[in-house]
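Trainee: Below are the chains, spelled out letter by letter.
There are 2 protein chains.
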Amino acid sequence: MAGQRYFVGLDVGGTTMKAGVVNDAGHALSAHAVMDTQPERGQDAGLETMCETIRRAVGAANLKLDEIIAIGVATPGLMDIKAGLILDPPNLKPWKNVPVRDHIYKTFGKPTAFQNDANAAAYGEFWVGSGQSAKSMVLFTLGTGVGGGIIVGDVIVEGEHSHGGELGHMRIDMPDRGRLCGCGARGCLEAYASATNVVRRAREGMACWRGPTTLRQFYTANDDVFTAKEIFELALAGDELAQKVVDDTAYYLALGACGVIATVDPEMIVFGGGMATSGEWFREKIEAYVKEFGLPFPTRTVKIRFAKLGSDAGFIGAAGCARLLVNAK
Amino acid sequence: MAGQRYFVGLDVGGTTMKAGVVNDAGHALSAHAVMDTQPERGQDAGLETMCETIRRAVGAANLKLDEIIAIGVATPGLMDIKAGLILDPPNLKPWKNVPVRDHIYKTFGKPTAFQNDANAAAYGEFWVGSGQSAKSMVLFTLGTGVGGGIIVGDVIVEGEHSHGGELGHMRIDMPDRGRLCGCGARGCLEAYASATNVVRRAREGMACWRGPTTLRQFYTANDDVFTAKEIFELALAGDELAQKVVDDTAYYLALGACGVIATVDPEMIVFGGGMATSGEWFREKIEAYVKEFGLPFPTRTVKIRFAKLGSDAGFIGAAGCARLLVNAK
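Protein chains in written order, with our numbering: chain W, 15 to 343; chain C, 15 to 343.
Treat the hints with caution; some may be incorrect.
Intra- or inter-copy, both count: the list cannot distinguish identical chains.
The list that follows gives simulated cross-link-like pairs (lysine-lysine, DSBU-like), each with its CA atoms no further than 30 Å apart [to be verified]:
1) Lys-243 <-> Lys-110
2) Lys-149 <-> Lys-96
3) Lys-110 <-> Lys-317
4) Lys-149 <-> Lys-110
5) Lys-305 <-> Lys-107
6) Lys-120 <-> Lys-305
Worth flagging that the hints you see were computed from the coordinates, not collected in a lab.
Turn these sequences into a full structure, and let the hints steer you where they fit.
Mentor: Structure, rendered in structure tokens:
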């Protein structure tokens with residue numbers, strides 16, 4: 015199409031990386047490329063895989079590199095967003111101080127944006143997903159951990175130390191009695207509401223649950239057969255312990271949402287990740303707790319939504335960051 | 015001075031309002047005007063008092079209204095910042111739906127900015143106070159309540175419902191067991207760390223304190239003789255109960271600061287209000303707890319400071335908002 019501008023977005027995760035071509039309207043061309051990250055092969059191999067994934071995405075879209083205006087790359091933290099560096103993220107070991115933005119820029123000779131993966135996903139949802147109509151939006155990403163991204167206007171709140179939107183580490187309980195979080199502190203939202211901790215709370219619940227519960231059949235030494243997904247399904251099927259675990263999860267997520275309301279007061283709060291595909295009933299539970307425990311005035315009209323773009327949010331948002339970069343010039 | 019641009023800032027409080035002329039560099043001309051707000055006289059009288067305070071500030075600066083480029087007005091919430099309206103703030107009863115910005119604009123015929131008072135104070139500290147060197151800053155205002163303002167770049171995070179930076183209502187404890195807050199919820203920072211609640215915690219502490227404490231001499235039915243200021247002074251003088259109350263206050267404030275780090279991750283966190291004049295020893299306590307309980311990476315270098323502008327921060331910041339408005343055009 016004459017005059018159409020194309021961007022490539024690349025979303026780097028600990029297991030796989032995914033790239034796709036996105037047009038000026040935020041539409042992802044149907045084909046995209048996925049490759050294994052294999053961080054254990056080292057960071058030079060990792061940088062080369064990033065470049066190859068980008069090339070494949072362009073090829074899969076039946077385009078040539080000449081037709082790409084700019085590239086956006088999203089990676090997990092720790093990172094230095096302004097410097098374009100991956101520092102030493104726990105799920106990309108043994109990578110350390112990887113100059114991602116410079117490498118991609120030098121390889122392709124195109125303007126390259128660099129962003130935190132959850133921030134990119136938030137920007138994707140804000141640009142063309144659930145938040146498309148919103149002027150400000152906060153995304154909670156629910157997975158092994160709890161991450162997030164904050165968008166105010168067209169500004170991504172990156173933070174001075176690239177820790178903007180680390181929403182899993184908002185406090186919902188006191189450090190002297192709260193649940194222990196991976197970050198070393200107690201009482202962080204993530205220690206309650208990540209998928210991993212939903213399973214943990216279910217196991218703890220079984221230890222003192224007096225009634226019957228179908229959860230016991232999943233109670234083995236192997237965490238793999240007992241996931242948040244099963245707990246949500248058993249809750250829907252009527253298991254009372256599973257229902258309590260899910261209800262508590264909605265409550266904890268709502269407390270996180272209330273914290274976001276008291277700080278940035280966004281127009282919309284979006285939840286993404288596996289649990290956010292569980293259905294309207296779960297969204298309504300979160301919304302009800304937000305109204306019960308949040309500041310009365312903003313909670314009357316704040317919009318609570320589930321994400322729309324699924325696992326494409328990261329590369330679409332990364333492409334959106336590339337577009338922001340070019341438009342700002 | 016030829017070419018010098020002047021702005022008026024007006025800071026409206028429940029008891030008094032204060033206006034001053036500020037130049038382009040953020041320097042407040044020494045003379046400023048203060049008048050009683052007297053909200054009980056009604057909102058029309060209130061609007062006229064605002065105009066008169068502005069006129070007096072211009073006169074006190076030996077300037078003429080012609081020499082003023084723009085005006086900024088800061089008021090307490092509830093409000094609609096975008097619409098320029100005061101809604102129905104508890105400490106301006108019985109005012110309701112007061113079109114402040116339009117009235118000031120029509121009266122003086124000058125561009126008029128409208129802002130929340132804590133946001134304006136935050137912008138003042140960011141512009142020419144403690145945060146002058148920072149690229150992003152969060153202010154906690156410690157008084158009867160706990161308020162705040164968030165500045166990222168030159169953007170004031172106003173919030174979709176004008177509730178951006180309502181930092182007193184960040185949660186630091188669970189709603190089922192936390193202290194009861196004026197907002198109706200439990201576990202809000204304000205319910206622990208406002209000056210009012212510092213006194214309350216001291217009273218509660220006396221009820222179960224076994225050792226000697228000089229605080230008992232202040233323990234009367236009259237709250238007025240027993241303020242946060244006395245508790246801080248007695249702590250400095252060596253009273254162990256007072257020291258515990260102050261230490262807990264630093265701990266609670268640090269938990270609030272950690273919440274701000276996990277959301278907007280600012281370069282600097284500033285505390286303003288009476289308690290933030292108590293000295294470096296108290297600032298160091300807060301800083302130590304932030305490092306103990308906050309996210310390790312950002313807390314290594316986040317700057318914890320006390321405010322510099324005192325009660326002038328509001329009108330200076332309001333004038334700064336007027337300047338932003340004019341510069342944006």
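Trainee: Now look at each hint and say whether the structure bears it out.
Mentor: Consistency of the hints with the structure:
1. Lys-243 <-> Lys-110: This pair counts as neither: shortest intra-copy Cα distance 34 Å, inter-copy 49 Å.
2. Lys-149 <-> Lys-96: both (24 Å within a copy, 13 Å between copies)
3. Lys-110 <-> Lys-317: The answer is between: 26 Å across copies meets 30 Å, while 39 Å in one copy does not.
4. Lys-149 <-> Lys-110: between (36 Å within a copy, 27 Å between copies)
5. Lys-305 <-> Lys-107: So Lys-305 and Lys-107 pass the 30 Å test across copies only (25 Å; inside, 41 Å).
6. Lys-120 <-> Lys-305: neither (50 Å within a copy, 38 Å between copies)
Comparing the model with each earlier hint shows violations of hints 1 and 6; every other hint is respected.
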